[in-house]
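Using the sequences and the hints, build the whole thing.
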Amino acid sequence: MQRRVRVLGVEVTDQSMDSAVEQLRAATCGDVVRTVAFPNASTLNLAVEDREYAEILNTMDFVSADGTGVRWAARMRGVTLQANLNGTDVIPALLAATPGLRVYFLGGDDEVNEAAVQAISREYPDIVVVGRHHGFFDLDRPDEVLADIAAAAPQLLLVGFGNPLQEKWIAANRARLSVPLVAGVGGLFGFWAGTRTRAPGFTRRIGMEWVDILVREPHKAKRYLLGNPVFLARALRMRKQDLRS
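Residue numbers for the sequence shown follow my numbering, beginning at 4 and rising by one.
Since the hints were derived computationally from the structure, they do not count as laboratory data. Beta carbons: idealized from backbone N, C-alpha and C, even for Gly. Mixed in with the good hints there might be a few duds.
[To be verified] Label-pair ranges, simulated between beta-carbon atoms:
#, residue 1, residue 2, range
1, Arg179, Val233, 34 to 40 Å
2, Ser22, Asp141, 35 to 41 Å
3, Val233, Leu180, 31 to 37 Å
4, Ala178, Leu229, 35 to 41 Å
5, Gln244, Asp34, 39 to 45 Å
6, Ala178, Ser124, 27 to 33 Å
7, Glu114, Gln244, 45 to 51 Å
8, Asp34, Arg9, 28 to 34 Å
9, Arg199, Thr83, 28 to 34 Å
10, Leu235, Val131, 42 to 48 Å
Here it is as structure tokens:
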């Protein structure tokens, strides 16, 4: 049984990259809907402020820790997580491990969505892209989009609305989906489309990817310059509560 650790009210799983990819690969062949989230420090800050969102994250089947902040917080609770399981790494690894996988892209503007599909079709020619739809539709009126997804019959649905919209949409429509695996992937389509650039590997390995993001995407300054200290303070408070209990 895999070890889990509760970080700011959300249960995250401790597992290796290989284990995560194998679990997700197996899920794509299942006959029930499984859901995936990759919460980072910003996501968990949102979950603290929105209890409904925290409950949604805790109902998802695969919840993997994304980023150094979450790993630090887990370590404060005595768990050293095996890997940084962010969607930007996990989903490509899943595609590489599952030739013939039927995938549907949902999210982003139409140009980014199409460019992401084209990039993945070139990078993983054995992957079958069965459909796509931009994310600029009334999320409370999803009938047309759900019908298109059902007709395409994907094994993997990638939902890129950003947090918390994507997880809330997945939870609200889970009962109407017949897709074995549904993953909230945030800005992943932007990376694939080339409209966003990842930090260099060294920067990611030392846990400073957020600094590179801040330089490249200054509009996210509030999220990191204010959000990171808030997350750290909350994690320290969680640690103090553990010591008192």
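Hint-by-hint comparison with the structure:
1. Arg179 to Val233: 34 to 40 Å: holds (36 Å)
2. Ser22 to Asp141: 35 to 41 Å: Check passed, 38 Å falls within 35 to 41 Å.
3. Val233 to Leu180: 31 to 37 Å: holds (34 Å)
4. Ala178 to Leu229: 35 to 41 Å: holds (37 Å)
5. Gln244 to Asp34: 39 to 45 Å: holds (41 Å)
6. Ala178 to Ser124: 27 to 33 Å: This hint holds: roughly 31 Å between Cβ atoms.
7. Glu114 to Gln244: 45 to 51 Å: holds (47 Å)
8. Asp34 to Arg9: 28 to 34 Å: holds (30 Å)
9. Arg199 to Thr83: 28 to 34 Å: With a Cβ separation near 30 Å, arginine 199 and threonine 83 satisfy 28 to 34 Å, so the hint holds.
10. Leu235 to Val131: 42 to 48 Å: Holds - the Cβ-Cβ distance for leucine 235 and valine 131, about 43 Å, lies within 42 to 48 Å.
The structure fails none of the hints (numbered hints given earlier).
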